[in-house]
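Undergrad: The primary structure of each chain is shown beneath.
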Amino acid sequence: MKRIITAVVQNRSGVLNRVTGLMQKRQFNIESISVGRTETEGISKMTFVVHVDDHQKLEQLTKQLNKQIDVLKVTDLSDKAIVARELALIKVVSNAQLRNEIQGIIEPFRASIIDVSKDSLAIQVTGKPDKIEALIELLRPYGIKDIARTGLTAFARGHQPQVTEFTSYSILK
Amino acid sequence: MNVETKPKTQPKTAVKTGADILIDSLIEQKVDTIFGYPGGAVLPIYDALYRSDGDFEHILTRHEQGAIHAAEGYARVSGRPGVVLATSGPGATNLITGIADAMMDSLPLVIITGQVATSVTGTDAFQEADVMGITTPITKHNYQVQSSYDIPRIIKEAFHIASTGRPGPVVVDIPKDISANPCLKVDESDFHLPGYQPTIKPNPLQIKKLTEALKKSKKPLILTGAGVIHGKASDLLLDIVEAYELPVTSTLLGLGAFPGDHKLFLGMAGMHGTYTSNMAISECDLLINIGARFDDRLTGNLEHFATNATVAHIDIDPAEIGKNVTTHIPIVSDSRAALEELKKQVNEKPDHGAWMAQLKENKASYPLWYNNPSEDMIPQWLIKSLHDATNGDAIVTTDVGQHQMWTAQYYAFAQPNKWVTSGGLGTMGFGFPAAIGAQLAAPEEPVVAVVGDGGFQMTLQELSVLQERGLPVKIIIVNNGALGMVRQWQEAFYDKRYSESIVSVQPDFVKLAESYNIRGMKFETQKQFNDSIKEIMDYNGPVLLDCRVLQQENVYPMVPPGKGIHEMIGVKP
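Protein chains in written order, with our numbering: chain A, 1 to 173; chain B, 1 to 573.
By construction, these hints were calculated from the structure, which means they are not laboratory data.
Glycine is no exception: its CB is placed at the ideal position from the N, C-alpha and C atoms.
Keep in mind that a hint or two might mislead.
Said to hold, decoys possible - Within a straight-line C-alpha distance of at most 30 Å, the following computed DSSO-like cross-link-like pairs (lysine-lysine) qualify:
hint, chain 1, residue 1, chain 2, residue 2
1, B, Lys363, B, Lys343
2, A, Lys63, B, Lys360
3, A, Lys73, B, Lys16
4, A, Lys67, B, Lys363
5, A, Lys57, B, Lys563
6, B, Lys363, A, Lys57
7, A, Lys73, B, Lys30
8, B, Lys201, A, Lys57
9, A, Lys25, B, Lys323
10, B, Lys343, A, Lys73
11, A, Lys63, B, Lys263
12, A, Lys67, B, Lys263
13, B, Lys232, A, Lys67
14, B, Lys323, A, Lys2
15, A, Lys2, A, Lys118
16, B, Lys156, A, Lys67
17, B, Lys343, A, Lys63
18, A, Lys67, B, Lys30
19, B, Lys263, A, Lys57
20, B, Lys323, A, Lys67
21, B, Lys30, A, Lys63
22, B, Lys263, B, Lys343
23, B, Lys522, A, Lys67
24, A, Lys25, B, Lys208
25, B, Lys30, A, Lys80
26, A, Lys63, B, Lys208
27, B, Lys201, A, Lys63
To be verified - A short list of chain A residues far from chain B (calculated; beta carbon distances all over 10 Å):
hint, residue
28, Val35
29, Val71
30, Asp79
31, Ile82
32, Ala84
33, Gln97
34, Ile106
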């Protein structure tokens, strides 16, 4: 199963190495990692999307992360109401004739063209990973020259709906 | 030619260097012994040590591996962090085995390594190795010092992390320029570790669940791990066990947490555990694990492990609970705090007379056994006789292998902190240097290193330290001219194809000892051993005993790999 896990960490050299090292040692398959600073100085947040086999392995993962000295807080967001986004930059083969056509494709995705050259376009898109996938698929026939994706970043919504039977609000299956 | 070891006048430095700050910090931590080996990148630290004039003892081992195993032995016996100092590159990499060993067995160590100067870091400079990268997976935590300003705080944190919670090794890597350069201002603040708050006290509700389970249990069993010893909970455990008449089994590293000769003790459990213990685990309805991590050498095939039992697990490391075995009553706590709470709450003896009778019967019918047909030295006999000669009172260290299992089986450890062995990593070459560290931690106590002829040859250069320090360690080589456990597995599982496990060419161990001015003796019969062992144990100096034992002797009983622990072989002769 796919899980979204965040770890709030002290911003020190070697922390990412420690965290990914423990995942490698325990054979968790990492789909994406994104890291950035938080509102507090010296504190960063990592967001992982990982595949785990079962709940026991998931529990191990969060416990092992929690055990690291520089990790302050670990949260499994998968079963919460969350906001989750990814940024992708896509360079597509293009020319003056195709530009409008591509513009028409990306518009519903609220993506924008951020660079134009004689034979290519650079497109910026943010959103849920499946939206990005969809756009990439639509652009693929034109010829994709380069893709850079940030990996997912996420946090819990300000208001968590009260439900007796907990349904998954995850954006991932 | 002799070199004068101390100059008449000490050079006075007006300004302290990073190295001086480090030495001050170690003194503040009440360090009394450092195990180390000098080299280029730690020369400023060794120079500061020289100037500091005897605030603590530095033990010069002959290999960094010897230093770190000695520090492990020191930590195991004293309960305080063992401190190691080594240079960059090869000095640091020579420590790796010991760091991994300490991590697996939860031993508190603070390891200080030199690093090349910051100006050349990352350039593959002479004797540079990525110590942070290499040690990350095998340390509880590690630091690279970026400024001498941080040294006092980092050293405080390192000692705190190493010795609290679940103990473990902490590496502090110090670049040469930082230790060499003057340091004008230091961070005097106390440590600040918001991400490190080990849970010490148990949740009383979980303890309540445990007492209720205990009340209902017809077949309770206590499993002691090294956590009982780390938590200094042995006396409390004995109280509870005797008051409620609970049977006790132990892991390899938990031996000594409960008296090995007590009538409620069933012996060690696991691959080479007793039949009684393994059957008790298989049949019990309540298994109370205190400070053990359900290692695979204990559990055997997990499908068959304690299948009938409600499992309660007391551990200070939450990540250990539920890791290998499904746990019904998880208790995150220091072992002593948990037992204190348990003692408060428990008030009713479980109704388990039939169970106790069954265990007693098993204990009488299926004792550990060995053939003793002759006057030859039988390894099991040797350990048993050593136990008798020392009244079970000595500190005993071992490597890994047959001699280790025989010691675990036949040297009934009566007290905690007497048993020093490499459990998790199973490190050959551990036992002898660990004995040196143990003896330094407990100068008044008898220390015996029981080693195999294979493992001893991995670190025997530390005989120099015995000679130099006159440490009265007794080395018993259980010499079967083979890598015994490898040979045993090849016999049982590889059709007797003894690939590279018979070591026919050996040094003359007696002459070897004598070349270091250490007493050496060779024993080939039981009589020789009996005649001399008392005198040897009383002798106030190191002795090496080359005990020639039968090569074909095997460790029994045994759980074959992949089997459940109820499927033992060699239970009866």
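Undergrad: Work down the list of hints and note, for each, if the structure agrees.
TA: These are the hints, each one checked on the structure:
1. Taken as a hint, the B:Lys363 and B:Lys343 pair is honoured in the structure, with Cα atoms around 28 Å apart against an allowance of 30 Å.
2. With a C-alpha separation of about 40 Å, the suggested pair A:Lys63 and B:Lys360 falls outside the 30 Å cut-off, and the hint is violated.
3. As the CA atoms of A:Lys73 and B:Lys16 are separated by approximately 39 Å, the hinted pair breaks the 30 Å bound.
4. Straight-line distance between C-alpha atoms of A:Lys67 and B:Lys363 comes to about 40 Å, which puts the hinted pair past the 30 Å bound.
5. Our distance criterion of 30 Å between C-alpha atoms is met by A:Lys57 and B:Lys563, whose separation comes to about 24 Å.
6. Between B:Lys363 and A:Lys57 the CA atoms are separated by roughly 38 Å; this puts the pair beyond 30 Å, and the hint is violated.
7. Restraint check: the Cα-Cα separation between A:Lys73 and B:Lys30 comes to about 33 Å, which exceeds 30 Å; the hinted pair is violated.
8. Annotation: proposed proximity of B:Lys201 to A:Lys57 holds, straight-line Cα distance about 26 Å (limit 30 Å).
9. A hinted pair counts as satisfied when its Cα atoms are at most 30 Å apart, and A:Lys25 with B:Lys323 qualifies at roughly 14 Å.
10. Among the hinted pairs, B:Lys343 with A:Lys73 is inconsistent with the structure: their alpha-carbon atoms are about 33 Å apart, more than 30 Å.
11. At roughly 38 Å between alpha-carbon atoms, A:Lys63 and B:Lys263 are farther apart than 30 Å, so this suggested pair is violated.
12. A distance of roughly 39 Å separates the Cα atoms of A:Lys67 and B:Lys263; the hinted pair therefore is violated under the 30 Å criterion.
13. Taking the CA atoms of B:Lys232 and A:Lys67, the gap is near 23 Å; set against the 30 Å cutoff, the hint holds.
14. For the proposed pair B:Lys323 and A:Lys2, the alpha carbon gap of about 20 Å is at most 30 Å, so the pair holds.
15. Distance hint between A:Lys2 and A:Lys118 is unfulfilled; the C-alpha atoms sit about 41 Å from each other, more than 30 Å.
16. Between B:Lys156 and A:Lys67, the direct Cα distance comes to roughly 19 Å. Compliance with the 30 Å bound is thereby established for this hinted pair.
17. Between B:Lys343 and A:Lys63 the alpha-carbon distance is near 29 Å, which keeps this suggested pair within the 30 Å criterion.
18. A threshold of 30 Å between alpha carbons decides the hint, and for A:Lys67 with B:Lys30 the separation of about 27 Å falls inside it, so the pair holds.
19. The suggested pairing of B:Lys263 with A:Lys57 is violated, with an alpha-carbon distance near 40 Å, which exceeds 30 Å.
20. For the suggested pair B:Lys323 and A:Lys67, the alpha carbons sit about 14 Å apart, so the restraint of at most 30 Å is met.
21. Distance hint between B:Lys30 and A:Lys63 is unfulfilled; the C-alpha atoms sit about 33 Å from each other, more than 30 Å.
22. As the CA atoms of B:Lys263 and B:Lys343 are separated by approximately 21 Å, the hinted pair is consistent with the 30 Å bound.
23. Among the hinted pairs, B:Lys522 with A:Lys67 is inconsistent with the structure: their alpha-carbon atoms are about 50 Å apart, more than 30 Å.
24. The hinted pair formed by A:Lys25 and B:Lys208 fails the criterion: a straight-line CA distance of about 36 Å is larger than 30 Å.
25. Taking the CA atoms of B:Lys30 and A:Lys80, the gap is about 49 Å. The hint is violated against a cut of 30 Å.
26. For the hint pairing A:Lys63 with B:Lys208, the CA-to-CA distance comes to about 24 Å; that is within 30 Å, so the pair holds.
27. Taking the CA atoms of B:Lys201 and A:Lys63, the gap is about 18 Å. The hint holds against a cut of 30 Å.
28. Listed as outside the interface, A:Val35 is consistent with that label: its C-beta sits roughly 16 Å from the nearest C-beta of chain B, beyond the 10 Å cut-off.
29. Non-interface status of A:Val71 relative to chain B is broken: a Cβ of that chain comes within 10 Å, the nearest being about 5 Å off.
30. The Cβ of A:Asp79 lies farther than 10 Å from every Cβ of chain B, with a closest approach of about 19 Å, so its non-interface assignment holds.
31. Consistency note on A:Ile82: stated as away from chain B, and its beta-carbon is indeed over 10 Å from all of that chain's, at 23 Å minimum.
32. Once the 10 Å rule is applied to beta carbons, A:Ala84 is consistent with being away from chain B; the minimum gap is 25 Å.
33. Non-interface call for A:Gln97 relative to chain B: holds, since the shortest CB-CB distance, roughly 50 Å, exceeds 10 Å.
34. With a least CB separation of 42 Å from chain B, A:Ile106 remains clear of the 10 Å interface cut-off, as annotated.
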